[in-house]
Every structure is written in structure tokens, then in C-alpha cells.
Amino acid sequence: KQEVTQIPAALSVPEGENLVLNCSFTDSAIYNLQWFRQDPGKGLTSLLLIQSSQREQTSGRLNASLDKSSGRSTLYIAASQPGDSATYLCAAPLNNAGNMLTFGGGTRLMVKP
Amino acid sequence: NAGVTQTPKFQVLKTGQSMTLQCAQDMNHNSMYWYRQDPGMGLRLIYYSASEGTTDKGEVPNGYNVSRLNKREFSLRLESAAPSQTSVYFCASSEDRGGEQYFGPGTRLTVT
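Listed in order, the protein sequences are those of chains A and B.
1 is the number of the first residue of the first sequence in the working numbering; add one for each residue after it.
1001 is the number of the first residue of the second sequence in the working numbering; add one for each residue after it.
Be a bit skeptical, because a hint or two may be false.
As the list claims (entries may be wrong) - Here are the simulated DSS-like cross-link-like pairs (lysine-lysine), alpha carbons at most 27 Å apart as the crow flies:
1) A/Lys68 / A/Lys1
2) A/Lys112 / A/Lys42
3) A/Lys42 / B/Lys1014
4) B/Lys1057 / B/Lys1014
5) B/Lys1071 / B/Lys1057
6) A/Lys1 / B/Lys1057
7) B/Lys1057 / B/Lys1009
8) B/Lys1009 / B/Lys1071
9) A/Lys42 / B/Lys1071
10) A/Lys42 / B/Lys1057
11) B/Lys1009 / A/Lys42
Source of the hints: derived by calculation from the structure; they are not laboratory data.
The shape of chain A in the complex, shown without the other chains (with noise of 0.2 Å):
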């Protein structure tokens, strides 16, 4: 059973820090890794899918890696604004079908004026 981490569940940073929120997984065999924002009473954003195959993935500001052999994924964001604020997610399926995803716990990002 796929289970997915994310450290930590909160973070408080200053509006342009660069910073990296983490998301571990315990079984490497995955189909792809996807990365997703919430904002408080909404639904999910999808911000980025890194397939199994590749090792990373950028969109704007954000950079998402992933290293299989380690069981890890960061996502990156760069000169964080206070729009950035929200809920990451991460998810990994539960199969090796893709479709049946397990989700992170989530990070709870503050940026700061």
C-alpha cells in the first residue's frame, strides 16, 4: 500500500524566499507524482505531473523533482508572494494502474507581506 508524507505540515516564510516543501512515498513503483495547490473552502489546483520517467517538471516559479529511488519529491518555489499562501498537496497512485491516487497530509504555506 502506497502511503505518501509531507514535512512540514505548516511554514511560515517572508514574501521573497525561495523555499521547498517535501513529499516522501513508500513504495517507488509509481506511475507519475502530482503536485496540487488548495486554497481554503476550494477544490484543487493541479500545478504540476511529473511522470515516472522523468525526473522533473517547471511551470513559471514552480520546479518539481522527483527521485523514485529515494522515495522523494520536492516542489520548489521561487521569490514566493503572499499569493502563494495556500495548501500543497502531493499524490501518488495507490496502483501501478495510475488511476487510484494517495495523498499527502499537505503543507500549509504562510507568506508573509
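Add chain B to chain A, keeping to what the hints say.
Leaving out everything else, chain B in the frame of chain A:
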């Protein structure tokens, strides 16, 4: 292009009542999913439909039924609601299994 839509946004039920949560997507996706999100438990998959005409159990299917009505719509039914089903329910879709999943805004359900 509305993406994934869910109705209703909020619902309060009494124990034992039934209801159906509706989900529709306009992205021509093959796969659709239902999740629940609870404090301290995170998001967990209830049921999914890999393609039109198929449904499969996820991690927490007990107490729920689903119907893939057509390619666009995937509904979740609570036949006899229990307080343990108080949660926020999210529907999601992806082009194919293993693809990037897109989520709806959620339904907040309270069972008293």
C-alpha cells in the same frame, strides 16, 4: 469551458436520509473520480470510473454507490446517510487513467 462542476455546494441531511451528489465535466475526459476530504485523514478515494460503463471501488467505498451516467457525468449516492459521512466531497476527472486529475469545487455535506 467550466471544467468539473458539482452540485449541490452545501447539503445538510438527517441520519438515514438519502441523496445523490452530481458531477459533470466538459473536457471529454474518460476517467472520473470521487474523493472525500476529512481533517486529519486527508483526501481518500471513494470510487472511480476508468471509462464510460465501468466503475471500481477505491479506498473507502462502504456506504456509497456510484453511477457513470454517460461520459460527462458521474454521480455519488448515499443510500442511508450516517454522521461518519460528514465530509467535503470532491469529484475529479482525467483524460485517461494515470493522467493529470482536475478537481471540482466540492460539496460540503453535514449529516446530523
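- Message: So, against the hints stated earlier in the document, which numbers end up violated here?
- Response: none
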